[in-house]
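K.L.:
Chain A is already provided as a structure; the job is to place chains B and C on it using the hints.
Order-wise, the sequence lines are chains A, B and C. Residue numbering for the first sequence follows my numbering, beginning at 1 and increasing consecutively. Residue numbering for the second sequence follows my numbering, beginning at 1 and increasing consecutively. Residue numbering for the third sequence follows my numbering, beginning at 1 and increasing consecutively.
Derived by calculation from the structure, the hints in this document are not laboratory data. Treat the hints loosely; a few may be bogus.
Stated by the list, open to error - Sample of chain B residues at the chain C side, in silico, Cβ under 7 Å:
| hint | residue |
| --- | --- |
| 1 | Leu37 |
| 2 | Val45 |
| 3 | Met132 |
| 4 | Val143 |
| 5 | Tyr146 |
| 6 | Lys209 |
| 7 | Ser234 |
| 8 | Met241 |
| 9 | Glu282 |
Stated by the list, open to error - Computed cross-link-like contacts, DSSO-like style, restricted to lysine-lysine with a CA-CA straight-line distance of at most 30 Å:
| hint | chain 1 | residue 1 | chain 2 | residue 2 |
| --- | --- | --- | --- | --- |
| 10 | A | Lys111 | A | Lys212 |
| 11 | A | Lys111 | C | Lys12 |
| 12 | C | Lys12 | B | Lys14 |
| 13 | A | Lys262 | A | Lys111 |
| 14 | A | Lys136 | C | Lys12 |
| 15 | C | Lys12 | B | Lys130 |
| 16 | C | Lys136 | B | Lys130 |
| 17 | A | Lys156 | A | Lys111 |
| 18 | A | Lys117 | C | Lys12 |
| 19 | A | Lys256 | A | Lys37 |
| 20 | A | Lys111 | A | Lys37 |
The beta carbon of each residue, even a glycine, is placed where N, CA and C say it ideally should be.
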Amino acid sequence: MSTQVTTPLNDPPRVTSELKADVRRVNFHYGERHALKNISLPVPQRSVTAMIGPSGCGKSTLLRCFNRMHDLYPGNRYEGEIILHPSNVNILSATIDPMEMRLKTGMVFQKPNPFPKSIFENVAYGLRLRRINDRKVLQEKVEQSLQAAALWDEVKDRLNHSAVKLSGGQQQRLCVARALATEPELLLLDEPTSALDPIATSKIEDMIFALKKSVTILIVTHNMEQAARIADFTAFMYLGELVEYGPTAQIFQNPKNPLTEKYLTGTFG
Amino acid sequence: MSNPLPAKIKRLRKRTAASNRQRMWRDVRERGIEGLLFMAAALSVLVTVGIVGVLLYESAQFFRHVSVVEFLTGTVWTPSFANPKFGILPLVSGTLLTTGVALAVALPVGTVVAIYLSEFAPFAVRELLKPMLELLSAVPTVVYGYFAIGFVAPMLQQVIPDLPTFSVLSAGLVMGIMIIPYVSSLSEDAMRSVPMLLREGSYALGANKIRTALGVVFPSALSGIGAAYILGVSRAIGETMIVAIAAGMQPKLTANPTEPAATMTAFIVQVSLGDAAHGSVEYQSIFATGLMLFLMTLTFNILGYILRRRFHQAY
Amino acid sequence: MLDSSRLILRGKRQDAIFNIIGILFTLVGIVTLAILVVDLMIDGSPRLSYQFMTSFPSRRPENAGILSAWVGTLMVISVTLATAVPIGVAAAVYLEEYAPKNWVTTLIEINISNLAGVPSIIYGLMALGLLVYQFKLGRSVLVGGLTLALLVLPIVIVATREAIRSIPGSIREAAYAAGATKWQVIRYHLIPYSMGGIATGTIIAMSRAIGETAPLITIGALAYVPFLPPPPVQSTAPFVNAEWLHSGFTVLPIQMFNWVSRPQAKFHENAAATGLVLIFFTLAINGVAMYLRYRIRKNLKW
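Isolated chain A, as found in the complex (with noise of 0.2 Å):
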């Protein structure tokens, strides 16, 4: 299957032209398997990326590179280069310790994870690991990042209560909201409405939507319809490989690669 990037550095139209990241030339190794095959991709700031492809493609392989989510497992290999901006660094580079990336990132998983303590200490969680200590800090920010989720309404006044009693779609919300309190630069979102009802599903669509003004998100979604919905910039990835990117509009409308319409039609899921 030959692939193409389809979108070079210089072809309009974007809206935000600034970049948040280029992914350049990556390749991924698990062990003997090539996961990810010579990767460049765009990532335009404060703007929804979402990544979709068949099971298997890599987009949640790639979505991991971000925040260096590999190295906790032995035998993975990167090759080529992730360059942040505006640091210019190259999130990929070995002399880059992973947890710098992931102090500046925020993930939100497949299936909701909270921890088993209280709803405050989950979304507090990551500013006690940097240091952030005060209580009405704290507070504050936990308030603020339950009201980007959504689901400050519903738990102001239960603050105390344990995580793990709530529903799965106040879970999944709940993990958004740990997420941002640390007030990421970037929002990795690994297919993060799969597991929740079309009730929940729209909240976070919803919060999505609202967060991107100031959050540039990297989605990954199994849900061709959630991408047309709220993403700004698709990419399609096939076996490894990045089929094609472009505008979202522009993708849905009028594929460029055959392949994408193939996928797009639902001949192949």
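P.N.:
Positioned in the frame of chain A, the structure of chains B and C alone reads:
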């Protein structure tokens, strides 16, 4: 034309009758085997019944001579005196004191070891150290007793000059070392069952390994770790030979670990070695003591079982 | 706003410190074990000799030996082995293959789990009251062996159950499809496949039984045994007898305990030597079990 058919049918009938009989015997045999196997399994219930029965029966005889109140609240235990006293509190305090010293070693060390092996140690290190640690629980307890009195006690006497040869401290310390693998092994299993997803959530926020281990993994595994602790307690309470050899045989109500003290288990051994006549009060007193011991460990075992159930339900 | 470089350094430092603490704490137990073995060897190895292995205990420490002790251990363990393994495997097979999910089964399982946590001396008390006096079996090798068998039964049961459970369903289905009865499947397929796990469990159980002292003291195993139980095999008819089962006896750990309890230092040497023999057996047996377990894990060729 019609003649061969009846013969065929007769033969067929004979064959099915034979195979029916075979099948019947096979069923009987299968049923019989199942019955035998059931009895083997049910033996465990009989053993418990036997234990409880013997303990209760002999204790009942004992309590004909000694009042339950004196037994439970008395502070003097002198069964072999001319005017014997049977207050079990000195033995209970001896057991609790040695257990306390042992746990003061085993719980912290076992927990740290568990966190290290579960969250920090590379695969090769873990595969090497874990079996070596398990060897600690394979050494016969008499050997530990010898070590306690032959090596540990003299060493402690260098540091604590007035330490007697027999003391709760030397026995308790060695007992603690022996119990480490009980605590560490189960705690480690509990922690390793915590899903990676939870850890990833912590790392993704910028935590290092120890913050993740203490802030997320340990609390998640709490009921499993609690079950491990309880196993350690139960094992310490029931330990016999180390305390019989190294802690001394004088029942004494004390909270001072630098003194000798007798535990419930050591007392039972002492009487068994002696020549108390079958049916005497002294003989019966070991069953009353045993009953007390059994109830204490039973309580802890039940607690541990509940905790383990709670843990398995979560994961 | 965020001094990330300091945070990262702090994080790495904390992890490095705990790495060291973790290894040190893990070594505490292992180093203590090493010191214990070395201490035993220093105290006891001069005493190890042919004379030591073939003499009876004596009031003079130089003449004393562990003959009656290790013969007693062998006899008692053979009773334990012959009882615990069949019963344990049978119970495990029942629980894995036949037991319906009703209260009876739950009761049995709770009992097994509870018995594993009962202190060994309580088994001795039960055997004393029940087997020695009620059943009038006396303070004999038979009672000793049976007591230890009941003690280690949970170990055999759990190991066998795990071994059976790890057999994939496809093997059972294939056997049933070929027309085998339940018992035939168990006897000709499941048990042979579980042999590894059963062997490992048995070995661990026997290793535990060899080191047990408290229950045997309680049932009255004697500490000073200057005689051997009558041999099971003899040169006159009927050539084998069971007298040895009813004889008094002693075992290695009790002999060691007896010598440790004496004040004279020379007896302590004997105790150390006995300890070496004991440790050698238990560690060797455990080593075999670990090796077996390792091989089983590697060799599973379904």
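K.L.:
All the hints need checking, so say for each whether the structure fits it.
P.N.:
Status of the hints after comparison with the structure:
no. : hint                : in the structure
1   : Leu37               : holds, 4 Å
2   : Val45               : holds, 5 Å
3   : Met132              : holds, 5 Å
4   : Val143              : holds, 5 Å
5   : Tyr146              : holds, 5 Å
6   : Lys209              : holds, 5 Å
7   : Ser234              : holds, 5 Å
8   : Met241              : holds, 5 Å
9   : Glu282              : violated, 14 Å
10  : A/Lys111 x A/Lys212 : holds, 22 Å
11  : A/Lys111 x C/Lys12  : holds, 29 Å
12  : C/Lys12 x B/Lys14   : violated, 85 Å
13  : A/Lys262 x A/Lys111 : holds, 29 Å
14  : A/Lys136 x C/Lys12  : holds, 29 Å
15  : C/Lys12 x B/Lys130  : holds, 25 Å
16  : C/Lys136 x B/Lys130 : violated, 45 Å
17  : A/Lys156 x A/Lys111 : holds, 23 Å
18  : A/Lys117 x C/Lys12  : holds, 25 Å
19  : A/Lys256 x A/Lys37  : holds, 20 Å
20  : A/Lys111 x A/Lys37  : holds, 27 Å
Consistency with the previously given hints fails for numbers 9, 12 and 16, ordered from lowest to highest.
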